[in-house]
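4 protein chains.
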Amino acid sequence: MRTGIWLIGARGSVAVTATVGALAVRARLTDTTGCVTELPPLRVPSLPAWTDLVIGGHDVVTTPVLKKAEALAAAGVVPARLVAALHDELTAHENDLRPLPSAATQGETAALIAADLTAFRRRYTLDTVVVVNVSTTEPAPHPHAAHDHLDTLADALRRSHPVLPASALAAYAAFTADCAYVEFTPSTGARLPALDELARRRGVPYAGCDGKTGETLVKSVLAPMFALRNLRVRSWSGLNLLGGGDGANLADPAANAAKVASKQRVLADALGYQPEGTSRIDYVEDIGDFKTAWDLVTFSGFLGTGMRLEFTWHGCDSALAAPLVLDLARLTAAAHRAGRSGPLPELGFFFKDPLGDGPSALAEQWAELTAFVAAL
Amino acid sequence: MRTGIWLIGARGSVAVTATVGALAVRARLTDTTGCVTELPPLRVPSLPAWTDLVIGGHDVVTTPVLKKAEALAAAGVVPARLVAALHDELTAHENDLRPLPSAATQGETAALIAADLTAFRRRYTLDTVVVVNVSTTEPAPHPHAAHDHLDTLADALRRSHPVLPASALAAYAAFTADCAYVEFTPSTGARLPALDELARRRGVPYAGCDGKTGETLVKSVLAPMFALRNLRVRSWSGLNLLGGGDGANLADPAANAAKVASKQRVLADALGYQPEGTSRIDYVEDIGDFKTAWDLVTFSGFLGTGMRLEFTWHGCDSALAAPLVLDLARLTAAAHRAGRSGPLPELGFFFKDPLGDGPSALAEQWAELTAFVAAL
Amino acid sequence: MRTGIWLIGARGSVAVTATVGALAVRARLTDTTGCVTELPPLRVPSLPAWTDLVIGGHDVVTTPVLKKAEALAAAGVVPARLVAALHDELTAHENDLRPLPSAATQGETAALIAADLTAFRRRYTLDTVVVVNVSTTEPAPHPHAAHDHLDTLADALRRSHPVLPASALAAYAAFTADCAYVEFTPSTGARLPALDELARRRGVPYAGCDGKTGETLVKSVLAPMFALRNLRVRSWSGLNLLGGGDGANLADPAANAAKVASKQRVLADALGYQPEGTSRIDYVEDIGDFKTAWDLVTFSGFLGTGMRLEFTWHGCDSALAAPLVLDLARLTAAAHRAGRSGPLPELGFFFKDPLGDGPSALAEQWAELTAFVAAL
Amino acid sequence: MRTGIWLIGARGSVAVTATVGALAVRARLTDTTGCVTELPPLRVPSLPAWTDLVIGGHDVVTTPVLKKAEALAAAGVVPARLVAALHDELTAHENDLRPLPSAATQGETAALIAADLTAFRRRYTLDTVVVVNVSTTEPAPHPHAAHDHLDTLADALRRSHPVLPASALAAYAAFTADCAYVEFTPSTGARLPALDELARRRGVPYAGCDGKTGETLVKSVLAPMFALRNLRVRSWSGLNLLGGGDGANLADPAANAAKVASKQRVLADALGYQPEGTSRIDYVEDIGDFKTAWDLVTFSGFLGTGMRLEFTWHGCDSALAAPLVLDLARLTAAAHRAGRSGPLPELGFFFKDPLGDGPSALAEQWAELTAFVAAL
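Protein chains in written order, with my numbering: chain A, 1 to 376; chain B, 377 to 752; chain C, 753 to 1128; chain D, 1129 to 1504.
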């Protein structure tokens, strides 16, 4: 099953780490640590093999992939030896990247995006293409009547005034080109009624939103722990310090707000109530890709006794996200091939803010995921 | 279903917190935060009601329960208002406590313990009595041939040389008096072939070992998190600082070793390999009942990138343990009544070092527990 | 030397803790832990004795002091046994508290405040009165021409439009009543040219601003440590979580901004440059008086190697501030008696944002303080 | 002033980092971050210039320095670009390293060591040579009568039975060759009466012991902070996790004990009493050179209110130690030239366990150091 992975934001840290990693695994230069689809219950023949994956993508920036990979190596995100060993492959990879199109109307832009996707599919005779958005987080969009119905949306896209945020336009283009779509950021992506209608009509699946890479991953196991012990969480406050491109973007209050809301949702879901406290994000350039998050949880136990848990997470976001991007592409491709269309809520394991009403506790999400894979 | 809870170590912090709590819940002076058996899937009619519980116990010390309760209130473990409101009940409770017997042979001691249990059962017309060991941790015992067969053991107990550690002798006495037994400490308790044989012969169940109250509870959700994400845990090191009676006892190297082994076991079980590192316990009198544990986890992700997680747990051991003691007594009593005898591995949710080969991940233990309760 | 301490905000947590403490020390019910003026080099005869201190004050709220003291005891800030033992003294203390006056013009209000101060002085035949502002933090004031000259200010105070923030009006009133003034909060207090002119003219000293009780105290020793080792601090970020009255007030963005600026100033002073990062304050009601602050410092050493220091401070603000309030009152009274007028920059040891250009490293501030006391 | 630095343990992490650093600073490839002697008050003409330093040394291992430097670069301790740029210098440096001599008696071994020192001095026409011990920590030695008098020692060294630990033998050899000596580890070094006698007789100075690089550095500013605020430290407990060669050695209980004692001494000195608690060291190979130390301090304030401070230090020991080794060599050489002999207690700023009765608070040690340098 020849499978294309088309990355929106293909020259960013997550995309280039994923690209280096996919090439390195294929060349047997590294193992598959961090790849969930390599764990026994998920390692099934219906997933595309590593050797069947081809990566392409769009980006608005033009930094050469090799140069970006070298910068990631200097920052300790990927090993320098891999970048050196994959020099030729990373240079050749430039041929599969395209500048993100931009035209007079969003409809025309979508058509150009779709044309790039179709060309990619033909060039490599791909059975399936999965578009994955790993570009920077957008502010939450303003509601618009065109978001609710596909017909209205199609009309609106012909006018000069944009109605869709960039991520949703990418999802629209993906669906018109019969590609599946994964929203790895907290942006809108396919999560509009009009886009859901389109995905179902074209018979393609989609997944999202917001890859669960760090602090929220820890929350998704600690919050259920308190719930299962009938301990009352009184407050849960956190501070995320991060540099790098994502950090700079999140310093923008609107993007920050979108991300922060996504981070606290897991608590209400797992606990059944919303404890006091907020989760903040601050940009600290010096911290670079190695995000540091500190959380303080105050809780009470039997007879009201007050207690506390603190944790500090020092994680490399790109190294945590990249294997999940590859996992999601493989799983979504297999789902597409198995005839699934519309949302894939069973992939909630991977997301901070999953589609549908699935569980938010990691262990329950894992149970859903393994059942989903077994049924493919 | 009139149910007796007989606590070995009935004047200690855990026991007195459990006693205050049980009386307070019955008098509707507090809620049931921290009690797992009050969560929806476990709150079933087959469990004894709070009003059906009667508490008694043995201890080697003679501190009045009321005085101990006042000391716990001064230390912030239980609310002073509850101790004041329960003044009469706590005073009356003295009548249900007995000095721990001691005779020339362990056989005679066991007979005296059993006689106290039988008298307790008769006094309150109890359907079931569950003996719960909450006394201080023993050193790991030396192996002895008498541990393997009930006949050999019965012979050995008649001689003057002791062959059983105190916890195992308590289990022996409990079984001969047709009582169930719960080992809440890391001590031996019922975990000897001869005692298992006795429990099955008398038709009584037993559970254990080592209540999962703090650092290990957190480990039991974090270790599976790493496993489910295919992240490689490279080292896991911890330091537990605690005062109080348990802390002083654990400063004894032999008891410490028993406890520490129990604390690292969850890692190998959940991860499938034993990472580097140890978990230490230090006695710091000033810290009192509010234990502080710090853990550092180093792990690697995709392409070998090194990352870290630290957590600090500030928990009140007695406030965490006491509701579990009551939960375990209710569950074990219900199991006894339902005809179960021998080990109850389905109660692994509550323990650091559970009986049997059950899962060590908290979520899987929860699934086993809810199935067990549903079948009662 | 009979010395009056007049607290603005006399029914708040800091003031009531200071009052309970001063009464308890005088009655020999507690020791003087936390009182800097009891350390050998500062324990000099020129300071007023504990038995010479009389406390009074203003407040806008009317909660009885005894009730507030009981609430502080319930929260673990002061021992319940002291509140019980001082029942009569705390009840009698009501007689020395007055509602904060409010009149048609700020000039008239100041006159009423001054009249209360004079009455207090006469009632107890006090040699000196020190007014200490421990009320909630104000937003930074808008600049006004009347702030610069005493004559202009006197004119402006006669008009109906207010020109001074409450703290500065209190300082104005204090000076007109020949009282010294200590600004314990980040508010303006005496820090206006017109007020400085008045203080010098009346021959009274003043001190401030913003008592250094927690996170900033730690910063004032850690930042010099990095400087003395020639280590380069790259970023310093922090999150302060606090409940209680001060926390609620600081949730107001304007007050928050004033406080946060004061918190980062020490870094630039001690390091000689301003590292990246901010110090945030979040209100978490559940945390109450026991503030938790987490700081992350990233720094580089020889050959640019990146390293990190994190700390978490769990401090009780009122218990940290109260003895400093008493220290400052004793020191300022002694300085007044010794003939000092105008600012007392030598008291920088106590403040986050000291008057004058003194050192910000704690050890250097200590050297200045001991020299100041030796010269009294 | 041509100055030789002779490192015992010249192929270890600290030594090679210091060597790379000294070469890089001389070649203007890096700045002097981390070098205390480059701070304004210490940057005086009486110190040898960077271009006047020549490094040589002994070691028992034979790993090429270049290979070790490359390993340090791979571990992130030194930048790979510096190792590449200094390839030729690091290769040439091999000529200045010698295997650590070993002969039939300790007297003969000392003579061989001294001969290597003399040859080094002649080869480079050095005015002064400072021997610095950066080899692994020894267990505390058994007392021996020969340690007390130089004559007795000289006799004993002629016999076959060794009486000095290796570090003391190195100091002995250094002094006989008219070289100064710095003990950078917690080992004995020059701290024996017989060696002190020898140093004074030969007119050479010595300094030590145990470079203050991480957790103890932080303690030396935090402990005085509590003291200056009259806060009562109740317990201070710590865990140091470290890998690398030093870590493996410290896993040996005897070496560990020597190090741990040195770590707690600062507390008693700065506080005036010894709080509860211990500082542990555990070897965790995965942590490598980037040591992680966690400390918990419990303390009480006014009216006995209990509070806490925690810190975590993630430091690279070699990057912290190397510039101090160069600082100490420069300062000791200047002292030697200025006619100082015997102990240099004024260098206590650099050590966990300084010679003499000097202050343990970092700020006071700094004051002593600047006075010392001003007088050179």
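Honestly, I wouldn't trust all of these hints.
[Stated by the list, open to error] What follows is a set of in silico ranges between Cβ atoms, one per label pair, in the way DEER data are often shown: (1) A/Lys67 x D/Arg1156: 35 to 43 Å; (2) D/Tyr1401 x C/Arg833: 44 to 52 Å; (3) B/Ala633 x D/Arg1156: 40 to 48 Å; (4) A/Ala80 x D/Gly1470: 44 to 52 Å; (5) B/Ala633 x A/Ala338: 46 to 54 Å; (6) C/Pro914 x A/Pro162: 33 to 41 Å; (7) D/Gly1432 x C/Ala1126: 58 to 66 Å; (8) D/Pro1290 x A/Ala80: 27 to 35 Å.
[Said to hold, decoys possible] Computed footprint of chain B on chain A; a stretch qualifies when at least three of its residues, placed anywhere within it, have a C-beta under 8 Å from a C-beta of chain B: (9) 97-108; (10) 149-157; (11) 177-188.
Keep in mind that the hints were calculated from the coordinates and are not lab data.
Where a beta carbon is used, it is the ideal one built from N, C-alpha and C, also for glycine.
Do the hints match the structure? See the list:
| no. | hint | in the structure |
| --- | --- | --- |
| 1 | A/Lys67 x D/Arg1156: 35 to 43 Å | violated (27 Å) |
| 2 | D/Tyr1401 x C/Arg833: 44 to 52 Å | violated (25 Å) |
| 3 | B/Ala633 x D/Arg1156: 40 to 48 Å | violated (56 Å) |
| 4 | A/Ala80 x D/Gly1470: 44 to 52 Å | holds (50 Å) |
| 5 | B/Ala633 x A/Ala338: 46 to 54 Å | holds (53 Å) |
| 6 | C/Pro914 x A/Pro162: 33 to 41 Å | violated (49 Å) |
| 7 | D/Gly1432 x C/Ala1126: 58 to 66 Å | violated (30 Å) |
| 8 | D/Pro1290 x A/Ala80: 27 to 35 Å | violated (47 Å) |
| 9 | 97-108 | violated (count 0) |
| 10 | 149-157 | violated (count 0) |
| 11 | 177-188 | violated (count 0) |
Figure legend: structure checked against the earlier numbered hints; hints not met, in rising order: 1, 2, 3, 6, 7, 8, 9, 10 and 11.
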